[in-house]
Amino acid sequence: MTAKKDKKDRVLSVRDLNISFETASGTVRAIRGVRMDLFRGETIAIVGESGSGKSVTVKTIMGIMANNGKIESGRIDYTFTNEKGERETVDLTKLSQKEIRYRFNGKHIAMVFQDPMTSLDPTMIIGKQIMEGMILHEKLSKAAAKERAIDLLRKVGIENPEKRFHEYPHQLSGGMRQRVVIAIALACNPDILICDEPTTALDVTIQAKILELIKELQRETGVSVIYITHDLGVVAKVADYVDVMYAGRIVEKGSIDEIFYDPRHPYTWGLLASMPDTDTNSKRLFAIPGTPPNLLEKIDGDAFAPRNPFALAIDYKTEPPMFNVGGQHRVASWLCDPRAPKVEMPDQLKERMEKMRKENEGI
Amino acid sequence: MTQTEAREPLLHVENLKQHFRINRNYTTKAVDGISFDIYPGETYGLVGESGSGKSTTGRALIRLYTPTAGKIIFDGRDISGNMKPEDEEYLRTNMQMIFQDPMACLNPRKKVKEIIAQGLEIHHMYKDQADLDEKVNTILEKVGLSREHATRYPQQFSGGQRQRIGIARALVLNPKLVIADEAISALDVSIQAQVVNLMKDLQDELGTTYLFIAHDLSMVKYISDRIGVMHLGHLVETGTTDEIFKNPVHPYTKSLLSAIPKPNPRVEKSRIALTYDKKKEGVDYTAGTAHQLTETHQVLATDEEFERWIKDTSY
Ligand SMILES: Nc1ncnc2c1ncn2[C@@H]1O[C@H](COP(=O)(O)OP(=O)(O)OP(=O)(O)O)[C@@H](O)[C@H]1O
Ligand SMILES: Nc1ncnc2c1ncn2[C@@H]1O[C@H](COP(=O)(O)OP(=O)(O)OP(=O)(O)O)[C@@H](O)[C@H]1O
Ligand SMILES: [Mg+2]
Ligand SMILES: [Mg+2]
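Chains L and X supply the protein sequences, listed in that same order.
Read in order, the letters of the first sequence are residues 1 to 363 in this note's numbering.
Read in order, the letters of the second sequence are residues 1 to 315 in this note's numbering.
Since the hints were made in silico from the structure, they are not lab data.
In this text the structure is predicted, and so the values were computed from the model without any measurement.
Even for Gly, the Cβ is constructed at its ideal location relative to N, Cα and C.
Any given hint could turn out to be false.
Said to hold, decoys possible - Here are some, though not all, of the chain L residues that point toward chain X, as calculated from beta-carbon distances under 8 Å:
| id | residue |
| --- | --- |
| 1 | S20 |
| 2 | T23 |
| 3 | T27 |
| 4 | G51 |
| 5 | K163 |
| 6 | G174 |
| 7 | D203 |
Generate the whole structure from the sequences, applying the supplied hints.
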């Protein structure tokens, strides 16, 4: 298994990343030992509750850190082909924000941010904003960059791109702005594309179009993609691998099939069970009971324990290690320890699994 | 007659138009003559593709714009033209909007508790400081945030937490009508469930009415009593949630429904959704008129289209 994995080109390797923020009420320990790998041409999806640390993790890869934030420890190794055509690996946590921006952003690593308005310049027409990177990094002429920008606008599903080219961000709808940000990210053919909730405001048809466009780009250029999304339908459509985050840690990871058809962590169960289903008629949605832990306080044991109906005594004392449950599948839960009592996933989820199995027979 | 017709609508919208002039020879007709009613205590879902005019409709209703044409009656008061001062005050306290782009409307220099308290302060809706703090803390907890969060600034939150600040700010005033524009789309499913359940609880308790703007049909289906489908500035179909999901008539509605993603990787990776092209279908929205299928179900069509579209439905 590992031998096969080593043959693939690793572009990104995150090890033991710890990040904290200073606030008026104390230190927020937002990222607590994240480990993650990304290989060339692959797509991983990071899923997890709001506030679990998804955006902070990927922003660190982009060299973006709030001024009250600090990388306590860990490394982010990025491997790329440099100007001389050689393979080079750098630890991004050792570089200054400026250096990362200057050397890598846009050109090597591009990101679609969660809040489109914050990454658009309200005083500049959108066409110019798409052209900027192409002129700077790809050394395209103005005319060529304009043509490409209009083509990109069309590809992200914006009608009348020639007219829209001259409009300002506030003249566009929310979903159009989101698509402009996507066009900017795609403009320079990056090695790594990070999409933080890229399609949250998009209707399903346009969403499908964007996801298809990114896939196509992946086939053409081998770009590796990290998706952050809470939309499990999107995950199902695009991801090869899934990382499930909870309270600043990755608690379960595996191939898409392992996570969707054989989830093992009780948090993942809750997450899958709370998906609204167009066939359900129940009057209340399933929500994981309780609230996420207060990251201002030191967490003993498994952070999910207080909300976990299956928690064991040890969960309150010792943080679980990553158990290897076969294949690519890793789970940080004491329930996967061979000594643990055997528990079953909730009935509601079991039903859903059964339904999926039936649907799959038809394919 | 039916119950719905016996009741007075909380919001009555008639032939609302909102146009934007881009330059001398180009005007965007963002909303181009839509009519609908929303009854007290119900949730009206507004869906449609990106750019179809949903946010513009919401912003026109709460009077961030001056409508190009049409009539808006809110709780018996005409709020479409120049408003009387008392009608404006009534609108500002009884109608609230949760905006699509949370960061764009949260002042980065204000602490969260100040942001949430602002509305209460302006409209003098609290007894004393203790009461104000209590109200802020209660609503924070209801949207799944904690007291410790009250002293932070908006940029120190995750995307979903920020969206909840916007929700808290709107709900703390106990408005009669809440326009929720993609209010839960940046939230993970579990928090979505929590917020939706909260909105439903408020509805049961206080009779709050919602205009719920979203592109996520599975959530819309879950939360709405009735649904309006928008496309290119027109309301192409409206009906009860059941009618829209079980008996869609307009080809655009059908294509929307066919594209709902399923959380099943093997199905998703092999599916093809219906596509809808207005030009190819030869549909001209301005030529269509409202055709009534039931008392609640209505579709925008010409007579000829109407005959054609209802053939393969149960009507
Ligand atoms: N500048 C900051 N100061 C203090 N706390 C912060 C700051 N930035 C982020 N946090 C906290 O760090 C945690 C992780 O935030 P992050 O933005 O990574 O969440 P997320 O997983 O992307 O959530 P969402 O799905 O809501 O976007 C959150 O609890 C957030 O409140
Ligand atoms: N202030 C404005 N000036 C000019 N055009 C505008 C303005 N606001 C909106 N528009 C245009 O009106 C149309 C409808 O926009 P609106 O924001 O209402 O769409 P929406 O249905 O909310 O879409 P989304 O789902 O993407 O948020 C778009 O073509 C948009 O470009
Ligand atoms: Mg985020
Ligand atoms: Mg909108």
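Right, here's what the structure says about each hint:
1. Here the hint on S20 (chain L) is broken, as its CB sits about 13 Å from the closest CB of chain X, past 8 Å.
2. The interface hint given for T23 (chain L) is met, as the beta carbon of that residue sits about 6 Å from the closest beta carbon of chain X, less than 8 Å.
3. Interface restraint check: T27 (chain L) against chain X, minimum CB-CB distance 12 Å, threshold 8 Å, status violated.
4. Interface restraint check for G51 (chain L): the shortest CB-CB distance to chain X comes to about 5 Å, inside 8 Å, so the restraint holds.
5. At about 7 Å, the closest approach between the beta carbon of K163 (chain L) and any beta carbon in chain X falls short of 8 Å, and the interface hint on this residue holds.
6. The criterion of a C-beta within 8 Å of any C-beta in chain X is met by G174 (chain L), whose closest approach is roughly 4 Å, and the hint holds.
7. For D203 (chain L), the suggested interface contact is upheld, since its CB lies about 4 Å from the closest CB of chain X, less than 8 Å.
Checked against the numbered hints above, the structure breaks hints 1 and 3 and satisfies the rest.
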